[in-house]
Structures are given as structure tokens and as C-alpha cells.
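Chemist: Chains B and C: place on chain A using the hints.
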Amino acid sequence: MNVVVFIIVFLVLALVAVVSGALVFVIDSMARATYALAISFVAVGGALVLFGLTYPGVITILMMIMEMAIMAVFMIMFMGMNPALIPMSMVHGQRPALVASAGLFVLLVVGILLAPWPQHPHAAPARARQLGQALMGDKMLVMMTISPVMFATIVAGVVLASHRTRYDRFGDDLDRRVASDPQPGGVGR
Amino acid sequence: MTDAASAVLSVVLTVVVLGVGGLCAAAFGGVLAGPSVRHGLTLPLAETARLLRQRRRSAPGADLLLWRIAGAGLVLVPLLMLAVVPLGPPPVLDSAVGVVWFNTADVAVWALVWLLGWGANATFALVGAFRFLASALAYELPLMFALTAPAVAAHSLRVTDIVAAQAGLPYVVWMPLAFVVLLVGVAGFSVWGSLGPAAGPDLAGGVLGELSGPDRWLALTGRYLLLVAGSVFTAALFLGGGAGPLLPSWCWLLVKSAVLVAALVVLRNRLVLLRPDRFMEIGWLILLPAALLQLLVVSLLVTVGGWS
Amino acid sequence: MGLSATVDRLLGRLALGRLHVLPVEVPGAGELRMRLEHACRVRGWPLATSPADADLLVVCGSEPHGDLAAALDRVWQAMPGPRVRGTLSAVPELPGVLDELAADYLAWNRAEDPLPSAEPDQHGGHDMGDHDMGDMDMGDHMGDMDMGGPGGIALASGADDRDGLEMDVLHLPLGPALPDWPAGLSLLLTLQGDVVAAVEVTAAQRIPVHDPFAYRLDWAARLLQLTGAGALADRVLAARDHRLGLTGSGPDPVDLRRRIARSWPLKRALRGVGPVDAVDVPVEWGGDCYDRLLRLVDPGNDRTAPGPAVQDLPALAELLPGLLTGSELADVRLTVASLAGLAFIAAETSAGSPVDHPVGAAG
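Sequences listed follow chains A, B and C, in order.
Residues in the first sequence are numbered from 1 upward in steps of one, following the working numbering.
Residues in the second sequence are numbered from 1 upward in steps of one, following the working numbering.
Residues in the third sequence are numbered from 1 upward in steps of one, following the working numbering.
Treat each hint with caution, since some may be false.
From the derived model, a few chain B residues whose C-beta atoms are all more than 10 Å from chain C [said to hold, decoys possible]:
#1 Gly19
#2 Trp174
#3 Val180
#4 Leu254
#5 Ser308
Pairs of lysine to any residue residues, derived as SDA-like cross-links and limited to a Cα-Cα distance of at most 25 Å, are as follows [as the list claims (entries may be wrong)]:
#6 Lys267(C) <-> Asp234(C)
#7 Lys267(C) <-> Gly132(A)
#8 Lys267(C) <-> Ile282(B)
So the derived label-pair ranges between C-beta atoms look like this [said to hold, decoys possible]:
#9 Leu32(B) <-> Thr325(C): 37 to 43 Å
#10 Asp160(C) <-> Gly137(A): 49 to 55 Å
#11 Met143(A) <-> Thr303(B): 18 to 24 Å
#12 Ala103(C) <-> Pro90(B): 50 to 56 Å
#13 Ser249(C) <-> Leu76(B): 45 to 51 Å
#14 Gln130(A) <-> Pro90(B): 26 to 32 Å
#15 Thr304(C) <-> Val178(A): 34 to 40 Å
#16 Arg9(C) <-> Phe10(A): 49 to 55 Å
#17 Arg38(B) <-> Trp264(C): 42 to 48 Å
Because the hints were derived from the structure by calculation, they are not lab data.
Note that CB positions come from ideal geometry on N, CA and C, so glycine has one too.
Next up, chain A with everything else stripped away, as it sits in the complex (with noise of 0.2 Å):
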């Protein structure tokens, strides 16, 4: 790809994901600061993908778009508030916030500015095997545990948490056939 385009590809995307991400803050609408925040991140997966980073990319703008039609679930469930246009303030503690995001900036900027970049890049990618080498190594079957730990945590999270435990919905000794639910699921347990 042409050196020119290249960069001003680049920075439209830059610009995009920017601008989109200040709007999340300023606009009145928290539907509207949602969908911002997705065009940010879409835009940052643009960029990735721009890179040459394409699974990375297109994973990236999937997850977050997905994650924010989530959010509009959670923002009806615990939010008890509509996602509707109202003059509405989404900051707090903008001192504190403004001189860590600063203060960040500085310190990513000059890490960009001072690490020691190869000159020529290698043409070759990088193959997803060498790189899981490279970083995991011996630690391979660790890392792969680690995962399903994790899922079992969260899903063991989630039934402790539960408002409704197997005893309310299976009777004290657990006879019940079927689970007494407010609203039954489709498999009929």
C-alpha cells in the first residue's frame, strides 16, 4: 500500500476513534455515548487491521460491538434509568482523571518516542506458533488450564451471587420435577 495513503488512512481512523471517544463523554444520550464509544473502538480495529493485524482487527470491532448491545441489556437492568436524551453529566472526579489520562499520555508518548524500533522491519509475519512459542514457551499447558479455571470461576461467581438457589426453585429436598421459575425456560427442567 502506497506510503501516503497508508498515513492518511491512518489518520482518519486516529481521528475517528478520538473524536468518537470525547463524544462519549460530552453527548446526551447514554444509547448515543454507547454507540460513540463503539464507533471508537470499531475505528481502533480499523487501525489494527490497517497494521496487518487483520484476526486481531476484525476480533476487536466484533467483541465491542457486541459488548455494547450488552450494555444496553445492563444499562436497562441496573441502570433503572432509559437510555434516553436528557442533558446528563458522565464524568466525575475530572480533576483526579484528567491529570492521570495526562499524565499517561506523556509517559506512552515517550515510551513510543525512545524505544528502539528495528530500522527494517521483517517481511515474514509473524506465525501465530512461533509467537505462542516465543511468549508461552514451557508454560504452554499452564496457560491452557488457565483458561477453563477462569470460566468456572466466573460461572461459580455467578450461582453464589444468584437471587434464586436450587433450593427455591427445586423444593427443600430437591424432589421438585420441575424447577418452579416465575418464568419457565424452554427445555422444561
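Modeler: Only chains B and C this time, still in chain A's reference frame:
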């Protein structure tokens, strides 16, 4: 043929396949429903004329920007979905991660249908939007795992590679569960038939209930286009794409997609609306284990048995 | 969108094959409505699902008054146009009315029929038509949020719901002009999400009918339509039209019931929906929606001659608040559709004890 000309041809072909496919799906649906075959065949034309003549309306307090974007998006997303599928000539976007690209496009539908319901500022539409999200939570994960099975077998996420790998045997023969789960997912993101309670009659049209005029046309067309795009993708991924004797590859792909579209249109109101509270358990306790089991079997066959 | 006159006429002509009709039934004119639906089906004109989807608004029956007239005005306002409003007061008018309305549709002039501006309605929830504009609760406002919401409508306030979440309270009238809803019954639901928190009956009339068995088939078809089983609903509608004498032959009633009883998805969808204990209510109402559906399509209906009867909506309305509170919106529609079809009692006993003598006891 030069690269530029080939690219233009691919784009034109994608648009034409989608347009003609949507038209035929609507006409076929009309023939099944209407009083006469002739009446059914003119359904797309009559409805388009009626909707173009209708005025747009907006409810008080409606979020017009998001509402209109949702309708337009529903027509653009099928184009994106179909861009990675080889329709004869190489696809518009021969992406190395074509399967994930399709998945991203179908997740974008989550956002669009929700916005369609929320933007209208009406109770029935909002209930419809949340019904869609609840159904989507149930079909999406099984869909993702069903998409992974052909990718594992072909050792690639590129759709052209998956189509090429089915030269011997179409994947539907040894991955039937994944095929069924993908079709359920296609019906789901098209808000179609059993998985269309978001636009159900008990909600007076649900997410579609407040739309009129060109906006309604965009949303209804978008549904048909999503159905067609999903069916073409399923045909490419499981039925071998353009593979087959005698006829050229684009012809075979169209025939296979047409069979899938026809099946989905016939099933539209033969079953019942699966409301999300009923569908949630079906999705997580039946479809997801089925997809995972299928993936396990496929992985074993590929790594140990050397199948592809 | 300004279209030139010729394009507009051309589009109108093309659209004439598929005009969407919204029939509104004045209580007592059910048979008229059924005949209208049949006439539309023969022409290939589908029924509209909502006012935004409708081209023709046809009022079946004599001049409506009170709540229904107000509801009709709101439905008319919600129709985007081209729109035509007509009345059907007697059966002989039927083919003529549809042709007239089609001609009016073609001749509709955008300039003569301006769309009302999208002003929010200032009244409370009670006298609105079937499509409420969302949140109308003028309860306490939260913290520092502005009282004026989008379009000048106040935001909904929250309250705890059935599942322990704090959700916004919405008021939804299920009113006189809603499709697949009993004419003469109006409810005001207090919804949180799609769960009903409270039900208030705003209208329930006793409606005289001539052939309750045609109505039973009609309600069975509507229940099937609401469940999503459109193909079966069409068969039941064919049986209904045959019962009304509109077609020469209809499906075999025994076969029809068998088809419906054999449908496993239907059973799974309707089992456990709207369970009613048959205590202090007619025996026919007992069970869940699936049991009631089977009673509605019972072949015994076909053998009994039509006779005068009354649709006892007040008795139904007494049952509804207790029955519907805590269920979801879909269950509300299915339950009301199944009960409305079984609410017919023989006219001579209507002055006596309707509960003991339900019509269709052969079922």
C-alpha cells in the same frame, strides 16, 4: 481481466446476487401466502411501490438519527457479509479471516435491530428490541462454534480455502450439527420465522411496528437480504460452494443457496415463535453443547484421523 | 418526500394489489369484521399489524362513540398516509366499500392530508389508543435529572419489579383498536420491562353475537397467529369462513383438531401459559392456553347450529388482574386470546347464572 475490472465485477455480482436473491425470496414467500401465484410473484413490486408512496413518520421523542441509521445499516450489513464469499470470480474481499468477518457482520445486526426498536420510543418496539437481544444471546455462541468447525477442517479462516477444501466431500456430511446450528443462527439474525419474536404479531409488529415509508422498506428488505447472505454463506461453508458436476461454479452456488433460502421461507410460519425466555434454554443447553460436540468430533477427525 | 404526480399515480396503481387493511371492530360487529377479513384475503390484501403499516382504516359496525372514537382518532393520526378511512355498516356494502377505498387511496393527495406534527400528548395514559408513545409516568423525578425528557414527555420513574430489579414503569393501554384483541375489552397494563406489574380494566362490555362457534374458530385462528403458527391459523380461518357460509368447502374439523393436537412445537409453546384454576369460573376456562386452544377447535362446534349468545367480557375482566399480574406481555396476549374465545354464553341464560351454563359444553 485486470485486477480493477475483476474487483468491479465482484462488487456488481455481489450486489446483483443479493438483490435478485432478496426479490426471489420475497416473491416465493408471497406465492406461499397469497391467494394466487401471480399475486405472490408481484408481491415485492407491489410492496415496494406502496412503501415508496408512504410518508415517513416519527414518533414524539424518537431518536431519529439512530433510528434511521439502523434501517440503512440493515441493508449494508448483508453486502459486507457477502463480500467475503467467492461467487464465481474471487470475492470482493478475499480476507484471510473471512469467517470472522462474517461473524462480525452478524453481530453488527445486534446493534442495528436494537437501535431500530429503541429509536422509535414506543413500548412495543422497545420490548421487541430487548427480545431480539435476548434471542441473540442464545443463538450467537452456538453460531460462533458452528462457524469454527469448517475452519478447523480446512485449516484456514479464508472462505475461498474452505470452499476449495470441500472438493471431495461437502462438510455437511460430517458436520451436520454445525450446519443446523448455523441455519438457526441465520434465521436468528434475520429476525425470521421462529426466531422472529422481536417483530412478532403479539407486539403489533415489534421493532417494525413504528416504521413506515422508505424506512420500513429498508428494514424489511434488510431482513430478506440478511436471509439470502446468510444462506449463501452457509452454502459456501457447508455445501461446498460452487462444487458440482456439469454446471459452472456460480450456478451451483446459486442453486444451493436457493435451496436453503426456500427451506427457510417455507418454514417461516410452519413452526411457532420461540420467545426468548423459551429459546434461551434451548440455545444454551441444546444448541451450544451440540456445536461443541460437533467441534470436538471434527477436531479429533482432523488431527488424529487426518481428515480435511 | 415530494413525488411528482405521475410517479405517485403509477406507484399507487402498482400498490393496489396489496393494500394493508386495519379493521377496527365496533363491539357487536364481529361477523362484519370476519367477512371483511375474508374479502381482503380473497383480494390478496394483508391485514396491517400496526397503524404505521396500514393504508386503509375500516371501521366495522355502527358509528363508534366514547373511548373507541377517541382511539380511532389516535390510530388515524398514527397512520402515515396515503391513508383512507371508511366505514362498513352492513354486509351488502362489502365489495363496494373496498373498491371505493381503493379508488380513494389512488386519488389521495399529500397536500390535502398533512401529517400532524410530532407533538407529545399531554394527557395521562388512559384515553390513548392502542399504540402508546412509551413512557408517560409523571411520578417523582430522580435527583438532578431534568423533568423534561425527549419530545417534552417526562421520563419514566423506576420501581422494584417481580425479579428484584429496579426497572422503569411504563403504562401500556391494550385498547379497543389493537389487532387480535377482543373488541369491547380495554386494559391498562403497568409494565416493567415486559413483565406486567398491574392490570386495570378500563372497559369490558357484554357483546351480543349470532354464531358463537364462528367466533370460537376466529379466536382459535387469532391465538395460533399470535403463537406464530401462521399456516395452521390459515386453515382455521378457512374453517371459520366455511362456517360463515363464505366459502363452499372448508377443512374437515376432525382433521383440523388432529393436526393441531399433533403439533409438538405448538404444545411446547402454549403449555403452562395462563393457567386458570376452574374455581368460580366456567369449566371451559380451566387449564392452560393449550387446553383452551383444543377446546376452541373442538369438532363438536361444527355440529351445533348457530344461536344467539353473549360474549361475557365482564366475567373475563374480573379474572384478568389476578391472572395476568407477573406474566410477560406475550403471555398476556395469548391468555386473553384463548379466554376471549371461550367467553360466549347462551343468550337466554345471560340474565341468570352465566357461570353454570357455558356454550359449547359438548367440547
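Chemist: Look at each hint and say if it fits the structure.
Modeler: For each hint, the structure was consulted:
| no. | hint | verdict |
| --- | --- | --- |
| 1 | Gly19 | holds, 18 Å |
| 2 | Trp174 | holds, 28 Å |
| 3 | Val180 | holds, 16 Å |
| 4 | Leu254 | holds, 27 Å |
| 5 | Ser308 | holds, 37 Å |
| 6 | Lys267(C) <-> Asp234(C) | holds, 18 Å |
| 7 | Lys267(C) <-> Gly132(A) | violated, 52 Å |
| 8 | Lys267(C) <-> Ile282(B) | holds, 16 Å |
| 9 | Leu32(B) <-> Thr325(C): 37 to 43 Å | holds, 40 Å |
| 10 | Asp160(C) <-> Gly137(A): 49 to 55 Å | holds, 53 Å |
| 11 | Met143(A) <-> Thr303(B): 18 to 24 Å | holds, 19 Å |
| 12 | Ala103(C) <-> Pro90(B): 50 to 56 Å | holds, 54 Å |
| 13 | Ser249(C) <-> Leu76(B): 45 to 51 Å | holds, 48 Å |
| 14 | Gln130(A) <-> Pro90(B): 26 to 32 Å | holds, 29 Å |
| 15 | Thr304(C) <-> Val178(A): 34 to 40 Å | holds, 37 Å |
| 16 | Arg9(C) <-> Phe10(A): 49 to 55 Å | holds, 52 Å |
| 17 | Arg38(B) <-> Trp264(C): 42 to 48 Å | violated, 35 Å |
The structure fails hints 7, 17 (numbered hints given earlier, in ascending order).
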